[in-house]
Each structure stands twice: as structure tokens, then as C-alpha cells.
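Enquirer: Chains as they are written, first to last, in the numbering used here: chain H, 1 to 545; chain Z, 1 to 142.
Certain hints may be false.
[As the list claims (entries may be wrong)] Selected chain Z positions facing chain H (Cβ under 8 Å, derived; list incomplete):
id, residue
1, Glu13
2, Val98
3, Trp133
[Unchecked claim] The calculated lysine-lysine pairs, modelled on DSS-like cross-linking and capped at a C-alpha distance of 27 Å, are:
id, chain 1, residue 1, chain 2, residue 2
4, H, Lys432, H, Lys420
5, H, Lys421, H, Lys432
6, Z, Lys9, H, Lys149
7, H, Lys304, H, Lys149
8, H, Lys417, H, Lys527
9, H, Lys527, H, Lys493
10, H, Lys492, H, Lys10
11, Z, Lys100, Z, Lys57
12, H, Lys121, Z, Lys4
13, Z, Lys4, Z, Lys57
14, H, Lys455, H, Lys435
15, Z, Lys4, Z, Lys94
16, H, Lys10, H, Lys455
17, H, Lys145, Z, Lys100
18, H, Lys505, H, Lys421
19, H, Lys435, H, Lys421
20, H, Lys431, H, Lys454
21, H, Lys10, H, Lys437
22, Z, Lys116, H, Lys149
23, H, Lys435, H, Lys530
24, H, Lys505, H, Lys541
25, H, Lys145, H, Lys92
26, H, Lys304, H, Lys493
27, H, Lys213, Z, Lys9
28, Z, Lys116, H, Lys92
29, H, Lys92, Z, Lys9
30, H, Lys505, H, Lys431
31, H, Lys121, Z, Lys9
32, H, Lys92, Z, Lys57
33, H, Lys92, Z, Lys4
[Unchecked claim] Cβ-to-Cβ under 10 Å is the rule here; a few derived chain Z residues that face chain H:
id, residue
34, Lys9
35, Thr24
36, Leu25
37, Val31
38, Ile61
39, Phe62
40, Met131
Don't read these hints as lab results, they were simulated from the structure.
Note that this is a predicted model, so its numbers are computed, not measured.
Ideal Cβ positions, reconstructed from N, Cα and C, are used throughout, including at glycine.
Single-letter residue listing:
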Amino acid sequence: MTFFEYIEGKYELDVEQQLVLAALTHPAPAQPSFYKKWLSTIDFDSIEYGTLRLVPLLFSTFQDHEQENPYYGKMKGIYRYFSFKNTLLLSKAWIILNALHDANIDFILFKGIALTLHYYKNNAIRPMGDIDFLVHPRDVLHAEKILLKHGLRYRYETNRRILFNEHSLDYIDEQEQGFDLHHYALLESMTPDIDEGIWNRARTLTWDGLAIKIMAPEDLIFTSCINGIRDFTTKRYDWIYDVITLIQKEPHLCWDTLYQEATNRHLNEPLFDALSLVHSVSQKSVDFTQLNECLSHHPEDYNKRLSILVSEGRTHGINPVEVSRLLKHQASLWRIFKRKKILNASKHIRYFYDENEHINRLYLHRDCVSEMRHVFDLIHPRTFKATFKYSGYINIRPGELLLKSDVNLSCYSAQIKLYKKNDLVFNPGEKKEIKIKLKNTGSIMWIDARHPEKKYGVSYHLFNMDGALLSWDNPRHHFLASRKNYVAFFGKKERTMTMEIHAPKQPGEYIIQFDIVHEQVLWYSEKGNKFPQICIKVKAKNGLN
Amino acid sequence: VLYKINEPKIVHETIDGETFIINTLNGLYFVVDGYANVIWNAIANGHTFEEINDAFKHAHIFSFEENHVETFFSTLLNEHLISIAEHENTKPSKAFVVEKNANFQAPILAKYDDLKELVSLDPIHEISPDMGWPFKNQSILA
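With the rest of the complex left out, here is chain Z:
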């Protein structure tokens, strides 16, 4: 099954192996990194669910009984970030391949849903100096 990102209402950008996703309809902000980022970009590049899922299985990234890729797709669908593509676009020129990375966790969609807080958070002084907005400075919170 081929999915598409619900652009233009869903806006996304990848920096340093991390993608931020904005749902302009409700102001929700999402971050994906690691394997989640790999999957997101595979969807953006026109790979089908089966191609992505098979690549993960082929690379033995998760154990056989774990359905991380499927679960992640469901989460993206539930948040209306992706939907089934009605028309098949041009096939990607390269086959989708994923490599095992010890630093990566199972794919997770990190969700920030407090729009008011996101907008009012001072991006210089109230955030984690290493990670930046929207990650809050824990010492201030304490």
C-alpha cells in the first residue's frame, strides 16, 4: 500500500537526521528521529508500506513478533499525518534499504500538543541548551 504525507496541511522538514512535522490544521507539533525518521522519509520518497516493512525485516532490526513498523504507520494515520495515496506516483529509483543502528530505538512519534505553551516558550532561555526548542530546560522546571 502506498501512503502519502498530507501536504500542504502537514508541513515537515528534516535536519540532522531528525524531522519535525507540523499539522497546520490543529497546531500539533511532532518530532521523529532514528528509525521513525527513516520511515517518515521513506514515505516521503514514495516507498510503499510493504517495501518499508520488508526492509526492516530483512535487516533483522526488530524481533519477528514485533510490529513496530505497522504500529508506527497506524500512529501516523491516527494523527492524520499520512493517508493512502489515490494515485501511484513515479516509483522511487532506488529500492528502500535500512541498516541496523545500535543508537536507534523503536520508531516513536513524539507529540507536542500544548500549542499555547509551544508558542510562549522562550526559545533562548527556557529550553535545553543542547537540544533547543521545544525541549524544555529541566533544571528550570525543577
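Pulled out of the complex, with its shape left as it was, chain H reads as follows:
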């Protein structure tokens, strides 16, 4: 039972990431075409870290395509580099783990080392920053003594251990190779016995004569997902390939174990976000049913996602039959749909592509009908009025509707109002949220048509009390961002939002001049908009200023 006909997660992969993962995961014979496309679009010298970590695997998979690869030498070198680093790290790990074994300390390997030893079986293709192993909290001190005895040292100042309640202790050797001694598997869940299931399910195997334990595949997937989503904003996406590999190599996975582990740790939401990313790459690995199952383990998250879709008018992913059936019985869901009328969230148009990458379908929000001409070019304008008279699903003849290459608004007109209750006294360097009301006072909606670098945001300029500019560019609160195959609209009604002010480090009084930015296009003040100014006070540390 579900509302959803398809599901979108919170995060999206960019084009480069999609091409790399498609090259590695799509069934043959499609793979080389994605690989070649990736090669033709990248600047190899500036590839992101997540991609760098997948280069050894790309090299190994497409070694036969040397002729078409201008970066063959570099990629081969990167393969050798990670082979060298991983081999030395694994060699040291064997010695350390053998010592733990001799001292009767139980341990479980996970992340890179578990994947390399049991699944990839190649030292080069899965780069490792360190060796991750879990011990029982009662064994931590004993394990640390063994690490110290083998020439390892705690990476940070000792007082970090007092200041931060860590789930793991980061040890390094003289080459700065890392050994991450976990007493809890995850940063997000550090409660006694939380890892009991992981300990019970761990698998035993032999590595060059040494008996070791590695996490069960369900737990390897779970920890990869949670760690992966935590690091996703830092351009790490290589974990998605790990998860796909685990799923494909373990046909008898118990998905319920995965969902239950997430529920026990209140980590349903990041697990769902991670699995939706995997789903966006490989529907064969994580299908729609599994996503629904994952959501159904956490009704609050289910309702939250539904609420966002309804408030933004993206209800076309919702199954109307289920909606009407369930609304009759569930008051909480009815409230979600009713709120639709009072929320003033962004509105969306979704467009669908056929296999030739021509738009062949639209879901048009009724509030956005009049904005269509700002976003799309129509090959036959005469059909425009007839086609877009109604909102909802509309079939488009392929090739007749084109997304404009750029959407330049002619009308940048806005108003910002401040809440009176905002606290304007800061400590030096303090970051504080203040509440504002923002209104689009122009004749058309603001539009984000899939240009992630051209977001809209509210921000401020910083002046001293004499009016001299101290800092023009300051933190932005971006309030309009489209998603893949969506155009997002900011309507003409007033919307309340919060933005962050970063106080200077020097005590004194300063002027904050509010403004709105269309990134890489213009500041609204350049178009003659007048926005409020406020004076903030930064106190001296001793409070005497």
C-alpha cells in the first residue's frame, strides 16, 4: 500500500557522477558509451574526490579502451597508486589484527577492508583511507595498548578524546596510514548494545591464515548508506557503487534486517535518502518496492515526504486511488492535504523525456500555466494556448517543446520585511538566524529552470557605521532550487524564512544591508530594489563594549 507511484529522494547526482556510475553499473553493451561520454566531458585535472576513488575501477573495467582514452597514462598511474597504498595498508592491518586475535579481542571489519577482502578481491580497485574495525566497548583500552605497542599513535591531541564523545579512535602509523578503532559502528548511534545485531550477524572468514569477522552484507550496506549520506555533500558518491556491488553479490539479502536496524537507530530518513540515490543509478539493485518498504517502516517520514510533495504541487507522483481511499480513514493525512491551501511553497513543473531526450510529457501545476512561455520554447506556438489551458498531465509531441537554454527574467522586483523580535546583539564571530518575510512583487514568478549554479538567495552586505563597505558577499539563504527534470517557481505571495547573519570578529556596530541575489546573474538592488538596513552590535568578549 503506497501513495507513491515513483519516489524521489532528497539528493541528486550531478551529470559527471551519473555518467561514471552508469559506466560501471549499466548492463553491457551500454557501459562503454557512458564511459566515452564521461571521458569527453571531463577535465581530468579537476575531477572530484569521489570520482578519483572510482578511477582504479574505471581503469580496470575499461582497460581495453586505451585508444579512446586521452587520460590512459594517468588512470593507469592512479590504479598503481591505490594498489600500492592499499597493499601496504592491508599488510600492516594483517599484523595488527593478528595481534588483536592473539590477545583474544573480538573484532569486526567493515567498510573498505571488508569489501576488498571479501567482494572486490583486488587491492587496487577500492581505495581505502584507513582500516575500519569494530571492537566491543569493553575491549577498547586493551586494543589501544596493542595499537601503541605496534608503533601506532592517536592522531589528535589527547584532550580531543575528552572534548568529543567519539564513536571511534583514529590511530596512525609512521606513514600516517590510518587505523580507525570503532567502539560503535556509527557516529549517529552511540548507545549501549546498539551494535548487538551487527555482532550477532557478523560472518567469519580466513585471511591468509588469520580468522577474521566481517559485517554481514546487510550491515555493510547499512553502514555504507549512513556514512555515504553523511559525506554526500563533500562530493563522495563512490559508496553507491559499493552498495550496488553488495546487493548484486548477495542475492539472499534480508532487507527487513536493514530497515529494522535503521528503525532501532532512528536512521530511517538517511537510509531512505541513500537507497533512493542507489535506486536512481540502478533500479535493479533497489527497486520501487524496496523504497516503499523502507518508507513504511517509518510512518512519520512517509507523511513528511508526502507533505512536501503536496505543498509544492508535485502530487503527480502520488497514486490518486490510494489517496482517496486512505484519506477517508486517516485524519492526519487529510490534514496534510488540507494544508496545501495555506502553504506558499515553491511550485513545480515536471517534464519527462523519451528515449531520444525529447520532452514527451509534462505535469503542469495550475499556478504555473501562465509562466510556461518563460521556460519553454514552442515549435508550434499556435498549439500553446490549447495545450496549456489545463493543468495536470499533458502529453507533448516529441520535439515540439524545448526547455529554454537560459531563463532570464525581465522582472526582478522584491520586498523584504524583518521581524521585530530578531535579536541584533552578537558575540564576536557569532552566527545567528534571523527571521524575514520575502515577497516577489514582480509580474511573474521567479524561475529556476535547472541551472543549479544560478540559485536565488537572500543575503546581505556588511558596512561599518560610516557607510564604508566591509564585505559584499556574505552567506546566502537559497530559497529556490529546482530538481532534475523540474522547473521550480517562487510565487507572488509573501513567504517567511530564516537566514543566517555572521557577526564580524571585531566588537563594534555594523550595518547589515539586505539584498537578494540571482547567482551569477545579478543582485536585485542593481535593479532599483530598496531593501531594509539594520544595525547590529558585536559585544566585546568581556561584555564591556
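Following the hints, put chain Z in place on chain H, whose structure we already have.
Expert: Okay, now just chain Z, sitting in the frame of chain H:
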């Protein structure tokens, strides 16, 4: 005499007619290509020193007085990459044959012994674009 590669402490992999060898005990990194790579893989496949040496002589690859194969074996032994096999494994199914190649040099074991530098060398920006890590970009060095 039959030699064996000192696995698992010695890790090696061949790509494109070139083998990299890692001594996990001391962090030394070696590269062999050309005839050196041919010999290395012959050892890995279970051919004796005599079989390899005879094949080189038979193909007239080096002049009679040159002991390149023997010297190369000595180098491998000195670096503890190989040792005499105590037990004879199954004989390789095919006899070892080597062909003369004008592009190949006398066998050499290229050795990289600065572990710190090897690990810290940026594998994208500080290396030769054609050859990749661990070959440094000479223009940067200049």
C-alpha cells in the same frame, strides 16, 4: 633451479606488459617491463632458471658473453622478491619460449625506495601525463 615469488609478502600485478611489484615488508616498489617482465612472469608461471636462461640463449637475444638473465635473477634474489622453491609445483604445461623484440632492453629491476615520496606524490598533478604514477612530471621537477 626452480624459484618462487615470495608471496604473499611480495604482491605483483601485470598490466600492459609491465609488472609492478610491492614488497609489503619494507614498502619498496619495483617496476619491470620488456624482457624483465617476460622473465618475471616466467618465474611466476613455474619455469626454472635453466629453462628461462636457455630460452634467451636459443633466441640469441643477448650476446654469448652477456649474463643478463643471471644478473637479473641475482637482483631479484638480493631484493628478496624471489627465493628457491623448496617443493616443485606442477610443471608448466608449455615450454618457455622468448622472442627477440627490438624495443626491449636488457632486463632491469626499476626500484622506487622513497616510501614517503611515493605516498605523497599527487597521482593526478605531479606525475608524467603519459606514464602516470610513480613517474614524476619532469617539467614540474625542473
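Enquirer: Now, for every hint given, state plainly whether the structure supports it.
Expert: Results of checking the hints against the structure:
| no. | hint | result |
| --- | --- | --- |
| 1 | Glu13 | holds (7 Å) |
| 2 | Val98 | violated (25 Å) |
| 3 | Trp133 | holds (3 Å) |
| 4 | H:Lys432 / H:Lys420 | holds (15 Å) |
| 5 | H:Lys421 / H:Lys432 | holds (13 Å) |
| 6 | Z:Lys9 / H:Lys149 | holds (22 Å) |
| 7 | H:Lys304 / H:Lys149 | violated (51 Å) |
| 8 | H:Lys417 / H:Lys527 | holds (18 Å) |
| 9 | H:Lys527 / H:Lys493 | holds (20 Å) |
| 10 | H:Lys492 / H:Lys10 | holds (26 Å) |
| 11 | Z:Lys100 / Z:Lys57 | holds (11 Å) |
| 12 | H:Lys121 / Z:Lys4 | holds (22 Å) |
| 13 | Z:Lys4 / Z:Lys57 | holds (22 Å) |
| 14 | H:Lys455 / H:Lys435 | holds (20 Å) |
| 15 | Z:Lys4 / Z:Lys94 | holds (18 Å) |
| 16 | H:Lys10 / H:Lys455 | holds (17 Å) |
| 17 | H:Lys145 / Z:Lys100 | violated (57 Å) |
| 18 | H:Lys505 / H:Lys421 | holds (24 Å) |
| 19 | H:Lys435 / H:Lys421 | holds (9 Å) |
| 20 | H:Lys431 / H:Lys454 | holds (25 Å) |
| 21 | H:Lys10 / H:Lys437 | holds (25 Å) |
| 22 | Z:Lys116 / H:Lys149 | holds (22 Å) |
| 23 | H:Lys435 / H:Lys530 | holds (18 Å) |
| 24 | H:Lys505 / H:Lys541 | holds (10 Å) |
| 25 | H:Lys145 / H:Lys92 | holds (16 Å) |
| 26 | H:Lys304 / H:Lys493 | holds (23 Å) |
| 27 | H:Lys213 / Z:Lys9 | holds (22 Å) |
| 28 | Z:Lys116 / H:Lys92 | holds (16 Å) |
| 29 | H:Lys92 / Z:Lys9 | holds (11 Å) |
| 30 | H:Lys505 / H:Lys431 | holds (11 Å) |
| 31 | H:Lys121 / Z:Lys9 | holds (16 Å) |
| 32 | H:Lys92 / Z:Lys57 | violated (42 Å) |
| 33 | H:Lys92 / Z:Lys4 | holds (23 Å) |
| 34 | Lys9 | holds (8 Å) |
| 35 | Thr24 | holds (4 Å) |
| 36 | Leu25 | holds (8 Å) |
| 37 | Val31 | holds (9 Å) |
| 38 | Ile61 | violated (27 Å) |
| 39 | Phe62 | violated (29 Å) |
| 40 | Met131 | holds (5 Å) |
Taken one by one, the earlier hints fail for this structure at numbers 2, 7, 17, 32, 38, 39, listed in ascending order.
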